[in-house]
Amino acid sequence: MPEKKHIANIKDVASVAKVSTATVSRYLNGNLNRMSSKTAERVKVAIEKLEYVPNSAARQMITKSSKMIALIVANTDDYFSTEVFKGVSSILESYGYIGMMLDSDSDIVRERKLMSVVNSNTFDGLIIQPFNSIGSIEESIHRNIPIVIVDREMDQAPWVQVITNNYEVSREAASYFMKQGFTRFIVLTSKLSAATNRRERYRGIESVAKNIEVLEVSESLYNHKEIYDNLVKLLTESKERTVIFALKERWLLEFVPNLILKGYIDNVKATATGFADTTMARQIEPKMKLISQDPFLMGAGCAEIMVKRLKGEVQKENVIVVPATFH
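Residue numbers for the sequence shown follow the numbering used here, beginning at -10 and rising by one.
In case anyone wonders, no lab produced these hints; they're calculated from the structure.
Restraint-style ranges between C-beta atoms, simulated for each label pair: (1) D94 x E195: 24 to 30 Å; (2) K228 x K168: 17 to 23 Å; (3) D66 x D218: 17 to 23 Å; (4) H213 x G252: 15 to 21 Å; (5) H316 x S79: 23 to 29 Å; (6) N18 x S209: 40 to 46 Å; (7) S105 x K228: 51 to 57 Å; (8) D255 x G85: 50 to 56 Å.
The beta carbon of each residue, even a glycine, is placed where N, CA and C say it ideally should be.
Let's have the full structure, built from the sequences with the hints guiding it.
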């Protein structure tokens, strides 16, 4: 029977490097200013020689830090969520933290369960794109950890929010099309009442347009053909010049290309616009005017704020706006 391989521990490293276990611990935690460069090199060589893997659970007990930040996003099917995660990770990793993305799947109950998971595990902080209210978040997160809100405007929230200028840019887009002679708007959206950013976008359109019809798409149960047929019906039943205004890129990409292909959208009788998180939407129809967000920058901004909070620094502004542009 083969002899079981001995797994090196911190005492073995200390013995080979001829230092104390406290010195090895300081090295592992990045406190190199508390030892000479020669000592640090000896510890490094000993770790490599023994193929020592630090016990993360033990380190967490000592440092009171897991170096992990939770990011709860609304739906990973949306490019917005994945771009936010990329932005978050780009900053966190430069400071030695790891971001972990959790998907609420646009489900308010699932989101509460995920917040409970974050609360009961050793995450150092939470960045969240929430559907739940301020009260529900406070009930779910009992631990004293930094929280940053992304993509949601929450009045009276005790946490920093990183948002876009939803109302203003939607109003600008609607005004442009009104001036071009388009008087009817079909708003293509997920459940309007579920998220503040959607409501703000609708409010921006409503501030300048009077003839608005809302077509809500279920995040999980929608029938593509049924929604498409409804769009065709709405486009063909009226002689008014019409704009399909998608409040998220996912629905723009899902339905607009085929409407263009079939001639229902010709930029004369009917056109389309909406929020775009990537360059893909512009590739459908280069002449189409869209609202460009920067979810990567929003995620990076959230991570910068999170790192500041973890360092004990104060964030002066409670609301950070990363503006979207209509072009």
